[in-house]
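Novice: Protein chains in written order, with numbering that gives the first Met the number 0: chain H, 0 to 368; chain C, 0 to 149; chain G, 0 to 158; chain P, 0 to 346.
Possibly wrong hints are sitting among the right ones.
Said to hold, decoys possible - Pairwise CB distance ranges (calculated): (1) G:68 / H:146: 36 to 46 Å; (2) H:65 / G:150: 29 to 39 Å; (3) H:223 / C:35: 54 to 64 Å; (4) H:342 / C:82: 33 to 43 Å; (5) H:174 / C:8: 27 to 37 Å; (6) H:170 / C:15: 30 to 40 Å.
To be verified - If we take Cβ atoms under 8 Å as the criterion, some of the chain P residues that face chain C in the derived model are: (7) 37; (8) 39; (9) 40; (10) 47; (11) 62; (12) 63; (13) 65; (14) 69; (15) 309.
Note that these hints are calculated values from the structure, not bench results.
The beta carbon of each residue, even a glycine, is placed where N, CA and C say it ideally should be.
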Amino acid sequence: MPRKMTINMGPQHPSTHGVLRVILELEGENVVGSDMEVGLLHRGIEKLAESMTYQQIVTLTDRLDYVTSMTNNITYVMAVEKLLGIEIPPRGEYIRTLIAEMQRVVNHMMFVGIYAMDLGAITPVFQTFRDREIILDLFEMISGARLTYSFFRVGGMREEIPQEFFDKTKDFNDKLLGMIAEYETLLTRNRIFRARNIGVGVVSKEYAINCGLTGPVLRASGVPYDLRKAKPYLMYDKMDFEIAVGDNGDCYDRYLVRIKELKESQKIIAQCLEQMPSGASNCEDYKKYKIPKPFKVPAGEVYFSTECPKGELGFYIISDGTKSPYRIKINSPSYINTAALSGMIEGALIADVVATIASLDIVLGELDK
Amino acid sequence: MEGDKKLSLFEKIFFIEIIKGHLLTLKYMFGKNVTVMYPDEKRAPVPKSRGIHTFKLESDGTERCNACGLCAKFCPSNCITIKGEKVDGKRIVTQYDIDITRCIFCGMCVDACPKDAIAMVEEYEISVYNKDEMNLDQQGMHKYSSRVPS
Amino acid sequence: MKKENLKNMNDIGAAEALKKHFPSAVESAELVNHEAVVYVRKDDIKKVLAYLKEKVGFEYLFSITGVDYPDRTPRFDIVYHLKTLEHPLQLTIKVKVEEGTDVDSVYDIFKSANWCEREAYDMVGVPFKGHPNMTRLFMWEGFEGYPLRKDFPLYTEDK
Amino acid sequence: MEVILGIAIILIKILTIFGVTMFIAGWTTWVERKIIGDMQFRVGVERTGPYGLMQPMADGLKLFFKESIVPDGCDRVTYELAPVLALVPAIMSIAIVPFAGSADSFKIFGQTPFIAANINIGILFLFAWSSLSPYGMIFAGWSSNNKYSLLGALRSAALVISYEIPFGFSIIGILMIVGSLNLIDIVNAQGSYHWFIYRQPVAALVFFISIVAETNRPPFDLSEAESELVAGYFTEYAGMRFSLFFLGEYIMLFVISSMFTVFFLGGWHGPFISYDVVNNTWVQAIPGIGILWFVIKSYFIVFVYMWLRASLPRIRYDQMMSFCWKVLLPLSILNIFTTALLNLDKL
Chain H
0 MPRKMTINMG PQHPSTHGVL RVILELEGEN VVGSDMEVGL LHRGIEKLAE SMTYQQIVTL
60 TDRLDYVTSM TNNITYVMAV EKLLGIEIPP RGEYIRTLIA EMQRVVNHMM FVGIYAMDLG
120 AITPVFQTFR DREIILDLFE MISGARLTYS FFRVGGMREE IPQEFFDKTK DFNDKLLGMI
180 AEYETLLTRN RIFRARNIGV GVVSKEYAIN CGLTGPVLRA SGVPYDLRKA KPYLMYDKMD
240 FEIAVGDNGD CYDRYLVRIK ELKESQKIIA QCLEQMPSGA SNCEDYKKYK IPKPFKVPAG
300 EVYFSTECPK GELGFYIISD GTKSPYRIKI NSPSYINTAA LSGMIEGALI ADVVATIASL
360 DIVLGELDK
Chain C
0 MEGDKKLSLF EKIFFIEIIK GHLLTLKYMF GKNVTVMYPD EKRAPVPKSR GIHTFKLESD
60 GTERCNACGL CAKFCPSNCI TIKGEKVDGK RIVTQYDIDI TRCIFCGMCV DACPKDAIAM
120 VEEYEISVYN KDEMNLDQQG MHKYSSRVPS
Chain G
0 MKKENLKNMN DIGAAEALKK HFPSAVESAE LVNHEAVVYV RKDDIKKVLA YLKEKVGFEY
60 LFSITGVDYP DRTPRFDIVY HLKTLEHPLQ LTIKVKVEEG TDVDSVYDIF KSANWCEREA
120 YDMVGVPFKG HPNMTRLFMW EGFEGYPLRK DFPLYTEDK
Chain P
0 MEVILGIAII LIKILTIFGV TMFIAGWTTW VERKIIGDMQ FRVGVERTGP YGLMQPMADG
60 LKLFFKESIV PDGCDRVTYE LAPVLALVPA IMSIAIVPFA GSADSFKIFG QTPFIAANIN
120 IGILFLFAWS SLSPYGMIFA GWSSNNKYSL LGALRSAALV ISYEIPFGFS IIGILMIVGS
180 LNLIDIVNAQ GSYHWFIYRQ PVAALVFFIS IVAETNRPPF DLSEAESELV AGYFTEYAGM
240 RFSLFFLGEY IMLFVISSMF TVFFLGGWHG PFISYDVVNN TWVQAIPGIG ILWFVIKSYF
300 IVFVYMWLRA SLPRIRYDQM MSFCWKVLLP LSILNIFTTA LLNLDKL
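In isolation and in its complexed conformation, chain H is listed as follows (with noise of 0.2 Å):
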């Protein structure tokens, strides 16, 4: 009869990718159960947002997945005008595209440096941070911050874009498949980070499913949704791009998707570049949303969501027709892919865990809200 051990994985824990807490049971390596703690980074984001105008909120969603606060501030800011109704002009929306596939990319390097890391590979990290610089630095352009951009406004945006933000996103773009060819020089081919891989932490599609798991996650295990296809917002459905899926919804796939969708951002940028229209960004009476003067939304309730990095980022908004929201609820991909780790890790080694986790590629501010 063996004896189990009970090991504390985290909170602080060099992979636990923030404050994470996993409990694992554990016999010789082997994990026969785990439990999970979360909430140590709970700021009540939700609560916060109940007392705050429907403008700054928007920082508020710059602190949810710190990686991707563009995407956030897009998919909330949609949802507001949403409620109110609003159109904003093709070139806004286009903006918008383009940013969001941009923090797509920062993301998904930042997935294949953090990955590597974990599985104890510690070049590609320099290789992907050095890359997503560039684009830290044309945030910074624009915005003028580099992790909290706070660039969405209601109804548009915070300033006009300099024509030499897309000049320099095309000398980017143009350069980008190369940078992707040097990550998988290190990694795709190589048998050790092959034998990590393939076949650890395997979700099946029936299980993927059912847990509601989202993005590059639910698509690895051979589900193809992607929410850019499956109800097209912006300018998606003018965009000429596939979504990659997996086969076998392994760590190895979940990698090749993330792989495959920076190319496809690839293609989607070079589109926005090329198709992008003249004209305002911002919709037609941006003065009524405009910072100094809070505005008054219709009473009622909306669900938004967009494809994030991570997956599926949902705002569930009621309104009652105050300046403020009557409640928000975050619909988080990190939350949600989190919760099915349990059944992912069942009679895996510590080794295993570890690469699970980090393929989920979770954010802790995201997951604890």
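Knowing the structure of chain H, use the given hints to seat chains C, G and P on it.
Specialist: Chains C, G and P in isolation, oriented as in the chain H frame:
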């Protein structure tokens, strides 16, 4: 998926993919470093960068602020304290404090100001030894005024 | 309401078809700002969700949340969000719950309900009957009050 | 008089080699940080002294003055013993490193070879001491009353029985060809150009993989895998005790690299060498160049170690074990048989 092909026997025996990886790191070794040697050498500041706050001044050196309090009202983290009084029929600001420890540098005070009296300059080295110095008062709001075009 | 018909439906069509199928269990089905909102009687929630999953193909439950209306009886709404993966259809299903009573857990139908229900319990204090581990998710054990209730203070005096 | 002179020579040798090795071990960390930094387009250490050269000194000083924390509930005796057990085998192994043999025309006190202990069972001595170092890890892991340390220790114990066998088997081919366990004989048998790396390529590969595992270096650093086990067996160690582990690791790194040089890269031999027809031996044309060649070759191996660390992910421990048993062991046995068949005339 595309990368899922099995390693061929040739690749397996001669470590082709591992050798490729090693050649890449060797290439990096003789390539250029990307490190910015921070205290000696700084990134070129981005003009729009949201750093420390400062007052925009009129050409005669007076503050534009008329203490309307919209910046304090719109600050998401409630870190601005502002007081004003009427002197010679003109409202002037008498107390202006920004608690930098609470500030999230979102730039909403700048957007909110109807008088265009407050700006953010690209100064990011704002750490101090004493926590009390993290309070930006009216005096401190003049420190970088020369950096913004009036 | 059948799986094959979903193709030609929109959200509100699906909601109305659901009302037709469960005339007694579904209290109302209406469109609120583009969202099809279905109010279901509290005792029938499990039956309705199981039907939606097994027979109709709303197999993807991604959010459960509680909303507090302090001036209303019953006081709370529990909101379920469901969608299909083949078609762009989405349903918002709501249950009215009075303070002090509980709702049936749907954990045995949807595994995703595990944390979602715990969070709803943690935030508004509506317990779910039949959930294997009905404890707080974000707040620590022994935390008093439920943060997302409207009567929970936003600021407290510093001591 | 002869006796006293002999003892004095030995003492001088010991002190020189000990000092030099400690020096080397410290600055190997600098070399590693610089090389890996360059491979990741970073700069590496550069704040202390020119090019950061004083960094090892600063690190040492800091660790020396840092509080040595003793965790609650640890087994005190084993806990204190473990770092020593990790360091001593590494230092002892230096004794048999032949920096330069008697063939080098750079000679002190006549014919003395540049080796602390020229014993005729050098290989066995190396194996004996290098096999002891896992005990340091196991003691450390068990005594510090930490589950991560324990797992790290168990991993290193599981690993040591896996790699030690191919490690030993891989050089039996060389022993059969040379017919001696003395390291100087092995080097001399290779001469300038007949290096064993191309006479015994399979053995060289197996030996190299084994020594990477032996020194707990990436990609085989399972017992201290920082992304899984925090820091493995020395999680609870701090200050001077930690630095002993650290020193032990880097000395072992150098010793093992020099062993690869001895077995496969022709030791101190290199260009600028001539054949002494009178004594029928190879001698170095330039005095002292043998030591230089030896250090260059050894440091090339150290460089390869760092290169591996910069390029590869970490292997999982069960995969490492199955690799050792199912691939390395058959390969090394096959190598023994092949060598035996090819060298039938020598037996």
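Novice: Taking the earlier hints as the rules, which of them does this structure contradict?
Specialist: 3, 4, 10, 11, 12, 13, 14
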